[in-house]
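Just so you know, the sequences run in chain order R and W.
The first sequence runs 1 to 387 under the UniProt record's numbering.
The second sequence runs 1 to 596 under the UniProt record's numbering.
By construction, these hints were calculated from the structure, which means they are not laboratory data.
Since we're looking at a predicted model, the values are computed, not measured.
Using N, Cα and C, we set each Cβ at its ideal position, and we do this for glycine too.
Do not take every clue at face value.
To be verified - So, partial list: chain R residues that the calculated Cβ filter (under 10 Å) puts toward chain W:
1. Arg305
2. Asn306
3. Phe308
4. Val309
5. Cys312
6. Leu319
7. Leu320
8. Pro322
9. Val323
10. Leu324
11. His326
12. Tyr330
13. Ala331
14. Ser333
15. Ala334
Claimed, not checked - Listed below are several chain W residues computed to face chain R (Cβ distance under 8 Å; list not exhaustive):
16. Gln245
17. Phe333
18. Phe334
19. Ile479
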Amino acid sequence: MAAPLALVVVVAVTVRAALFRSSLAEFISERVEVVSPLNSWKRVVEGLSLLDLGVSPYSGAVFHETPLIIYLFHFLIDYAELVFMITDALTAIALYFAIQDFNKVVFKKQKLLLELDQYAPDVAELIRTPMEMRSIPLKVALFYLLNPYTVLSCVAKSTCAINNTLIAFFILTTIKGSAFLSAIFLALATYQSLYPLTLFVPGLLYLLQRQYIPVKVKSKAFWIFSWEYAMMYVGSLVVIICLSFFLLSSWDFIPAVYGFMDHPIFFMFIQIAIISIFKSYPTVGDVALYMAFFPVWNHLYRFLRNIFVLVCIIIVCSLLFPVLWHLWIYAGSANSNFFYAITLTFNVGQILLISDYFYAFLRREYYLTHGLYLTAKDGTEAMLVLK
Amino acid sequence: MGLLSDPVRRRALARLVLRLNAPLCVLSYVAGIAWFLALAFPPLTQRTYMSENAMGSTMVEEQFAGGDRARSFARDFAAHRRKSGALPVAWLERTMRSVGLEVYTQSFSRKLPFPDETHERYMVSGTNVYGILRAPRAASTESLVLTVPCGPDSTNSQAVGLLLALAAHFRGQIYWAKDIIFLVTEQDLLGTEAWLEAYHDVNITGMQSSPLQGRAGAIQAAVALELSSDVVTSLDVAVEGLNGQLPNLDLLNLFQTFCQKGGLLCTLQGKQASGRPHGPHGLFLRYRVEALTIRGINSFRQYKYDLVAVGKALEGVFRKLNHLLERLHQSFFFYLLPALSRFVSIGLYMPAVGFLLLVLGLKALELWMQLHEAGVGPEEPGGTSGPSPPLLPTQTVGLASLVAPLLISQATGLALYILPVLGQHVAAQHFPVAEAEAVVLTLLAIYAAGLALPHSTQRVVSTQAPDRGWMVLKLVALIYLVLQLACIALTNFSLGFLLAATMVPAAALTKPCGPRPLWAALLVLTSPAATLLGGLFVWRELQEAPVSLAEGWQLFLAALAQGMLEHHTYGALLFPLLALGLYPCWLLFWNVLFWK
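Make a model of the complete structure from these sequences and hints.
Laid out in structure tokens, this is it:
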């Protein structure tokens, strides 16, 4: 079983090495789909050079990585390509062993249910066999390593790969049942980008299940274990953050990594809007909440660029919702495509509205610090462009 | 989005819109009308074809030969009807039972909101009789309907005869997979509505009817038959239903196939814009039952067909409908029929309305840019020397002064909707007119009174209205009109296009400056009521039966009364749409025109 895995890893490393040496590497590292301002390699290099000059890497609002990443690459900058190839390989290996263990658990559970006669009598062809489950871990590793998306991210040296490794190790340690290690890896992943925080609950649930602790409010074991896990997680997080503080002797990294601390209410407003746009079953009630905030940002009105078109879009879509619903459900003439088209247009209108407000907000901040009448170097009128 | 966010391109676009606005509007309007007119020609029309697989590939051999039997039934029916003055229920029950159907009756009654002059009825009551032919080996889950409406003025006795003869013939066949309901209704559309409501166990129009004793499963399709004599020269098909709803195109294709097979001449008459159900089929459509009305016409043509030919066509249609596995859904629901075998689908006819509404959109955009004229947009403060005007204060003043005209216009519309029917008794007491006339005249009075509104609104609002307040009002009115026309065009295309074609130029051109009497005349000429009046005259011209002015006026009054009655009895939406939607919008434009 190890031999095919080793073969796959070797092939993947070869592909990446070939791409690193080719001329495509630069082209890929600039593509918007592959790198974002939060994880692009250019910014890591920028931060490192600022650190070498003795300046805090977070001045200049360009660098958004965590201090641990800086220190990791401070020592390994010459071997950057190797580092990324190794992280990809580590992710694949971690996933391989994780899925292997997971399959064992699944098979054991299935055997138990079969012996307890919980399945219907004629489902023989639905039962999974060890034979078919044997090749799954390898396929998982293959899928990850040879996926073009992964290859592109690796070649672009996006630090997203490191985040993936941490999450993969979190999955491995959770499945193996080690609560302590799982908490540490989750803390590292959350430390780098906030979103893995949402993995806390599934991880906890799996660990409880593994120890056969029932998830009931009255069960003492449940509360004890959850408390232990949460404490380990929070503890690790605190340790890592304090470590970062000592590494750079300042707290600067917090605003840079987790952003927008100066205007939390505006941030909150944008977050509410984004939640209401992207949630699974949106209704107009969600829209109503963030629309109530508009008078608060009245002062941004003069910087809004497309407010007329957007208001028209939103009004027209709101009126067409009941018409197309009636045509689809009651008259039976239209079909779901009509209704979904209007939903889509409504969401596009909302997204444009929010981005317009964002632009207006940033613009006003810029004007406040740099003056209202801008002139370029040759005295002509300057224009602000959002990059 | 480069176009919306790049300042240079935005400025260029804004300049383009402002400078070329008038030519673009004219071009767009002409393009819309031209596109609509071009819908009659080959690249935009297609031949009709059967989309439903279940109905296409089998051939049927019609064997109906009961012409004499049909005629004798018809004679008996006519005799009994003359004797009793209403529908001969007992005779119908006896005959249907003798033919072999399960017979049930249903009685209904309703008090109309005001007396109906055209049909001369006020307290309507009647009995529907229907017989069910049960399919021999199926489970009664689906059914087909053949209905014959009998009104107080239309003696449909030939159709009843044919219905009974067909029932007798169908009873002898073994291939029926769906039940067939043979329905004879009294008081034509009112009876059909009562039956449908009781069948589907709903009560949407306030009809009082007895519950149905016998049912036959979900209705898949229905055919309504109206014959005036026992020989026909052509069959007229009516497809438009209530509120402009159309049946699935496959049903029409099916009927047309059988007409062609039998050599029968088929004609089509289009009147979708009025939103009236032109036959019982229109009421079936609301319950998602595909239905058609077939009228036999006896005119001065050479070749005449007898009842056997009509019966064969109907037999063929029913046999093919018998093959349906699911409801008709394959073919188009939104289409225009320039001819019986040609259609235009929604994707091709919508751009016509789109171009017309684009005119209003362009005008709105131009007004918006004019309102924000300080340096073409508020984001270039370095461009002009003076400070950009505080847009927020003017905006709030503008919005406040808008509320009064909007509220007053809507209130007038509401009065137009409610008062005529509510106040008919009061009006009939004080004036020497009948109730029906009172309703219509009240309607016209409120409509005309709306013209005097600007003077009263101005007195309420004049102290705070800034000079450019009319632009904001016009902007809101334009957007309101676009919204309404778009919604109307989606559901009832003919009505939408007609209203758009007449109201768009007047709405776009209205301004308080310039030759006011000219704009006023244009606006009055294109108001919804005037469009209706003009439409009536044109329709009569097209039918080659032109009317004089006085007759036309009478027709107009009758049409108004019918419109209101249909809203109350069937839930037709034309009257509330015009009263509560388009009329207030038109009044806003009238207000703009007379802005001081």
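Cross-check of the supplied hints:
no.	hint	in the structure
1	Arg305	6 Å, holds
2	Asn306	5 Å, holds
3	Phe308	5 Å, holds
4	Val309	8 Å, holds
5	Cys312	7 Å, holds
6	Leu319	5 Å, holds
7	Leu320	7 Å, holds
8	Pro322	9 Å, holds
9	Val323	5 Å, holds
10	Leu324	7 Å, holds
11	His326	8 Å, holds
12	Tyr330	8 Å, holds
13	Ala331	6 Å, holds
14	Ser333	4 Å, holds
15	Ala334	7 Å, holds
16	Gln245	6 Å, holds
17	Phe333	4 Å, holds
18	Phe334	6 Å, holds
19	Ile479	7 Å, holds
No hint from the list above goes unmet by this structure.
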